[in-house]
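Listed below, chain by chain, are the residues.
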Amino acid sequence: MEQLIRGGTVLDPSQNINGRFDILVKNGQIAAIAEAIPETGCLVLDATDKIVIPGLIDLHTHLREPGGEAKETVETGGRAAAAGGFTGITALPNTNPVLDDPRKISELLALAAKAGHVRVWPVGAVTKGSAGRELAELALMHRAGARAFTDDGHGVADAFVARNAMLYCQALGVPFFEHCEDESLAGKGQLHEGVVAVKLGLPGITKSAETVMLARDLILAKETGCRLHIMHLSCQEGAEMICCAKAVGVSVTAEVTPHHLLLTEKAADGYNTNAKMKPPLRTAEDTAALCRALADGTIDAVATDHAPHTESEKVGDFSSAPFGIVGLETAFPLLYTHLVLTGRLSLMQLVDRMSTRPAAILGVPGGTLRPGAPADLVIIDTTTEWVIDRTAFLSKGKNSPFHGWAVYGVPALTMVDGRIVMKNNRTW
Amino acid sequence: MKGRSFLSTANLSLAELGELLFLSQDYCGVNNNHKLLPRTLLRGKMIALVFLEASTRTKVSFERAARNLGADIIDLQTGASSINKGESVMETAKTLQAMAIDALIVRHASSGMPSFLADNLYIPVINAGDGWHEHPTQALLDLLTIFQEFGSFAGLNVLFLGDIRHSRVARSNLFAMKTLGISVRMSGPATLVPPEMKALGAEIVTDIDQAVAEADVVYLLRIQWERQQSGFVSSLSEYSKLYGMDEERLALMQSHAILLHPGPANVGVELSAAAYAWPRSRIEAQVNNGVAARMAVLHWLLADD
Numbered sequence: 001m002e003q004l005i006r007g008g009t010v011l012d013p014s015q016n017i018n019g020r021f022d023i024l025v026k027n028g029q030i031a032a033i034a035e036a037i038p039e040t041g042c043l044v045l046d047a048t049d050k051i052v053i054p055g056l057i058d059l060h061t062h063l064r065e066p067g068g069e070a071k072e073t074v075e076t077g078g079r080a081a082a083a084g085g086f087t088g089i090t091a092l093p094n095t096n097p098v099l100d101d102p103r104k105i106s107e108l109l110a111l112a113a114k115a116g117h118v119r120v121w122p123v124g125a126v127t128k129g130s131a132g133r134e135l136a137e138l139a140l141m142h143r144a145g146a147r148a149f150t151d152d153g154h155g156v157a158d159a160f161v162a163r164n165a166m167l168y169c170q171a172l173g174v175p176f177f178e179h180c181e182d183e184s185l186a187g188k189g190q191l192h193e194g195v196v197a198v199k200l201g202l203p204g205i206t207k208s209a210e211t212v213m214l215a216r217d218l219i220l221a222k223e224t225g226c227r228l229h230i231m232h233l234s235c236q237e238g239a240e241m242i243c244c245a246k247a248v249g250v251s252v253t254a255e256v257t258p259h260h261l262l263l264t265e266k267a268a269d270g271y272n273t274n275a276k277m278k279p280p281l282r283t284a285e286d287t288a289a290l291c292r293a294l295a296d297g298t299i300d301a302v303a304t305d306h307a308p309h310t311e312s313e314k315v316g317d318f319s320s321a322p323f324g325i326v327g328l329e330t331a332f333p334l335l336y337t338h339l340v341l342t343g344r345l346s347l348m349q350l351v352d353r354m355s356t357r358p359a360a361i362l363g364v365p366g367g368t369l370r371p372g373a374p375a376d377l378v379i380i381d382t383t384t385e386w387v388i389d390r391t392a393f394l395s396k397g398k399n400s401p402f403h404g405w406a407v408y409g410v411p412a413l414t415m416v417d418g419r420i421v422m423k424n425n426r427t428w
Numbered sequence: 001m002k003g004r005s006f007l008s009t010a011n012l013s014l015a016e017l018g019e020l021l022f023l024s025q026d027y028c029g030v031n032n033n034h035k036l037l038p039r040t041l042l043r044g045k046m047i048a049l050v051f052l053e054a055s056t057r058t059k060v061s062f063e064r065a066a067r068n069l070g071a072d073i074i075d076l077q078t079g080a081s082s083i084n085k086g087e088s089v090m091e092t093a094k095t096l097q098a099m100a101i102d103a104l105i106v107r108h109a110s111s112g113m114p115s116f117l118a119d120n121l122y123i124p125v126i127n128a129g130d131g132w133h134e135h136p137t138q139a140l141l142d143l144l145t146i147f148q149e150f151g152s153f154a155g156l157n158v159l160f161l162g163d164i165r166h167s168r169v170a171r172s173n174l175f176a177m178k179t180l181g182i183s184v185r186m187s188g189p190a191t192l193v194p195p196e197m198k199a200l201g202a203e204i205v206t207d208i209d210q211a212v213a214e215a216d217v218v219y220l221l222r223i224q225w226e227r228q229q230s231g232f233v234s235s236l237s238e239y240s241k242l243y244g245m246d247e248e249r250l251a252l253m254q255s256h257a258i259l260l261h262p263g264p265a266n267v268g269v270e271l272s273a274a275a276y277a278w279p280r281s282r283i284e285a286q287v288n289n290g291v292a293a294r295m296a297v298l299h300w301l302l303a304d305d
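In order, the protein sequences belong to chains V and A. The first sequence runs 1 to 428 under my numbering. The second sequence runs 1 to 305 under my numbering.
Only chain A is shown next, with the shape it has when bound in the complex (with noise of 0.2 Å):
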């Protein structure tokens, strides 16, 4: 796979999947013992961090991957406004192309703008997220978190509750899911869930509860304070009522059933403090595992043969 970008999981086989799944896997023994990280792996690669939308937990992560396999890092710390439009984007990639770094990981508000640089640059694209569109990283973290947890995808049914329509990370699980053979649900107010999702391999569902207890994970989204301010929903605190994970609904979820999160999550909102803190909750999990996943990404992408 060298040389190529990783910009979306739509366009990942089940092989592929696979691959990277294992990978990831093996990744995670040595993530925790740094005695055991391999880092010379990626020795006297550059790659360069374009983050031009909020992250901690994404970037810290990557720059950790990085690093642990021994490549060097350039973060473009920048003004992000002044160079936001596609144009002065792509003008900066090629400047960072043309001084010979390796690849390049970018986070942008604007849904296609990976695949926009990819198509026009010659060094790998990797998606860290674009506006709504997709999360492919995190998709793969999430599907590590499910793997060991589960020992396999047979038969899971996954699902999806909360802002599907604004979800990156909700359209990545859901595509990759698809290839794997899991069932995908999905759920929130109607005004967040786009019917078309059926029509991309989901099952919308409006009963949350019989839902959840049918469920052997179920994936909260983050829900935004601008929700509310753009009319999607009328305020946080009945979102939390009609559709947020507390009590009540943990008590509905099957014994062997985990609780994700992308985070950062808005403990109170899409979910209670007792359901973050629940012990089949595998939101830590997911976090640690992001390292894993990103070492695999960037193994499978830069390693010399």
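Next comes chain V alone, as it looks inside the complex (with noise of 0.2 Å):
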């Protein structure tokens, strides 16, 4: 089956392009892009007027199954995934049971399949039960299809694991996954120990929660070799250390959330447990330091660290409310909206961080439209508005701090293997 995507400003950095392509599909995989191809009988999709990139790849999704179907299931989060424009999603191991076993991960990816909609590729736990004490079997989980390693709702708070997981990640070629947080020094905190902390009375998280493991890890990659990959960097100090480590020859990469790049710790403010999370909304000064670090390349990746709670958990007060919001579906509008229409970063820059280098950090086939690979595409609409309606969300989870919030950048069609998984917010 062929299928002409016609008429689209094509924007790929993995080659490159810039400028009106139509791009012909062929048996799930691209097999051309050039000017005005020839319409052959085949299915023909009218880009004109959008934008057509490579399908979004996420580092860090909750998809919360098994254990936590009411806040959201594989299923579900794919179509989440896929009404947002992405077209690959990880599954982070923080479920009940934990993701720690191999057969944990095959049981994940056969959900996935059976879900359809778009790739999910499993992170297994670093250690059993995600406890930091033992290793978990990090060797037969990847090969059973894990693709990265974690204990993300927590950091390795001991350094001996962290240094022997790193060494297992460097043999197997996979990153190791850090959620960087010194619990002694986090404690029981609630938000960013700043102004709003102190105002509203809530015990505060400080900066140095973050960087403090972050400075450990970044020894201990370059100690091992291994490929540090930092989670939801929040603060400018952990931006300049993983800018300094990356100059040393640190082999490290991080990711920045939507939600750290647009909002600060004013959001919390009125107690909105929709804008609780770990780590922290920070400062301005941090939006602004961290916008840059994704510009200039410093943070090589966007991720949603997308966490689906249920309304009755997370409607309480602040204390009680469980950390976390969801992003698949505002991720790519957002930021779309408020940094490349405001000119902050390029829309190359932006497809880059979301697809292209998501993809390189992961290992997995996307990321690019060059003739050969899967037709993992988006065709983007950058004209129509839409006003974030929570409610309206695929996702069972609708904990977003952005509903309200008039964006554009609109994901109009997701493909997957040259299969239409969504289009006009409908999914398959």
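Read the hints as simulated data drawn from the structure, not as lab findings. Remember, it's a predicted structure, so these values are computed and weren't measured experimentally. One or more of the hints may lead you astray.
What the hints assert, rightly or not - In silico lysine-lysine, BS3-like type, Cα no more than 27 Å apart, as pairs:
1) A:178 <-> V:266
2) A:198 <-> V:398
3) V:188 <-> V:398
4) A:178 <-> V:314
5) A:198 <-> V:188
6) V:266 <-> A:45
Unchecked claim - Some chain A residues near chain V, calculated using beta-carbon distances under 10 Å:
7) 10
8) 14
9) 92
10) 94
11) 95
12) 120
13) 121
We treat Cβ as the ideally placed atom computed from N, Cα and C, and that holds for glycine.
Take each chain as given, in its own frame, and dock them per the hints.
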């Protein structure tokens, strides 16, 4: 079967393409990119006035299954991903039970295959039960399909355990994903240790709770040669440390979330539980520094840290509410509107950070429209305004601080392996 | 102001604070003369006390204030922990609301719990202390005590000494005092004085003796034993030596200056027995004023025109 995507502005950082092209898709692969490909009885998808980019890839998705099906499932998370323009997502291991052995990785992959929608790459736990003590069976999980390892939700507190895990990851050639949080510093903190926390009378989380573990991990990554990936970087100091580490040859990459780029601690004022997440929203200096670091490549990728929770969990007094917000359906439009349209990032850079580089970090196909690559792509509507309505999300999680924001750059069509998995917010 | 909740001093205007203080001052007179109590003002109103954290004086003070105005009281005696989480507190509050209760007076260990309740109820919620956040009626009674002493707030310099970080009393007072134009200074162990208090309008000082000598009001905050266990201070005895109010420090105070404490005081820790009994200590006046200030708040929120 052939499909012709006609008349769109095609952007592909992997080939440095930016212009008006037609794309021919054949047998699930990109067959050709050229100006004016003749139509030969194939299905034509009109992309006039729209942009066509490689499918987005999310390095940080919580699908909650097994154990948290009231919050999200592999199926609903996949739909939300397709709606947000993602063709591939990760499945983070902090489920119940934790994804910490090869059988659970296989089961997750089976759920993903059944759900269809988008590609799902499992990320295995570093330690058994993510308890931070005994290493999980990293090599066997890798064989079963785990593409990276993390104890996300927690950092690996014990430096010896972290170092051994890095040696395993180095040998397997996969990245070690770290949630940097020193829990002796973070304590029972609820939001950034800053003026809002002090005003609201809530325990704070200092930047050092993040950067202390980050510094340790950079040292261990240098020593072990492991590919270290820093999850959800939240502060200026962290970006500076990663910049220095890269300069001295540490094999480190980093991600930042849309919310850490666009929101500050002020979003939590008035006890807004939809602005409660880890690491916490910091200050305006931090969002500016993170944005610069994303533009100059110090930060490699945008990741959503999509963390769905039920309404009844998230509605309550601030201290009882769980950490985390959803992000799959809003990530691209938010950043297109607030970083690209404001001139702080080029569209090419945004696509690179949300597609090409995440694919490289994870070592998975995608992130390119090169002929021969799988036809994983998104058509983006840049002209129609969308007022974000959390009640209309396909994700089960409605916990978003961006409800009511007006944005542009909404995905109109998502294609995985040449199959249309989303069109105009309908998913298959 | 009828029907509004009373959650914080941060959103009270200068005019509103003035109105509440004058009303409190009026009630101060009648409070000590039972024959003059306006026992019909809130007749027929039913007020529920929902105290999910230990309290003696605040609870009794609210109860006294409500009875003085003729309201009926339901005291939700409960094994606090069973309904302590946000969701179940809300369920309890909605149950009370459905029984045509006119107002809830809430104390809870979680900062923000009263505003969460107020956001979801149509009856007024009165904050009787939430976590480290606010204790607005305490600030009102403190301001009344200060006003009675000085007759004005102009040019006053108030020093808060002690565990600022965990103090809802310090926060409620700070927000109201900034509105009233009072200079606020704060001091204590570095672990317990968040630098962000500066952005909220306080001056953070380290020379305690000098600050005491310059203050019109020295407000001592309670330091709790748990702060030693959780590593904020090395020992209460060290705390007492460095930050406590003893005779030596009392001697530094200006002759017109007064001493306040929200109670219950740890005599021998944040202040010595001599300081407690010092003639210019106004700790007992604060307790007495608490009833009047709470009468004013109940009047303000609940009285029919």
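Hints, one by one, checked against the model:
1. The suggested pairing of residue 178 of chain A with residue 266 of chain V holds, with an alpha-carbon distance near 21 Å, which does not exceed 27 Å.
2. Between residue 198 of chain A and residue 398 of chain V the alpha-carbon distance is near 36 Å, which puts this suggested pair outside the 27 Å criterion.
3. Straight-line distance between C-alpha atoms of residue 188 of chain V and residue 398 of chain V comes to about 25 Å, which keeps the hinted pair within the 27 Å bound.
4. Pair hint residue 178 of chain A plus residue 314 of chain V does not hold up; C-alpha atoms about 34 Å apart against a cutoff of 27 Å.
5. Between residue 198 of chain A and residue 188 of chain V, the direct Cα distance comes to roughly 23 Å. Compliance with the 27 Å bound is thereby established for this hinted pair.
6. Distance check on the hinted pair: residue 266 of chain V and residue 45 of chain A sit about 39 Å apart at the alpha-carbon level, beyond 27 Å; violated.
7. Hint on residue 10 of chain A holds. Least Cβ distance to chain V is approximately 8 Å, under the 10 Å limit.
8. Nearest Cβ of chain V to the Cβ of residue 14 of chain A: about 20 Å, over the 10 Å cut. The hint is violated.
9. Checking residue 92 of chain A against chain V by beta carbon gives a least distance of about 13 Å; that is not within 10 Å, so the hint is violated.
10. At about 13 Å, the closest approach between the beta carbon of residue 94 of chain A and any beta carbon in chain V exceeds 10 Å, and the interface hint on this residue is violated.
11. At a threshold of 10 Å, the smallest CB-CB gap from residue 95 of chain A to chain V is about 17 Å, leaving the interface hint violated.
12. With 10 Å as the threshold, the beta carbon of residue 120 of chain A comes within range of chain V, its nearest partner Cβ sitting at about 8 Å, so the hint holds.
13. Violation of the interface hint for residue 121 of chain A is found here, the shortest Cβ-Cβ separation to chain V being roughly 14 Å, above the 10 Å cut-off.
The structure is inconsistent with the numbered hints 2, 4, 6, 8, 9, 10, 11 and 13, although it conforms to all the rest.
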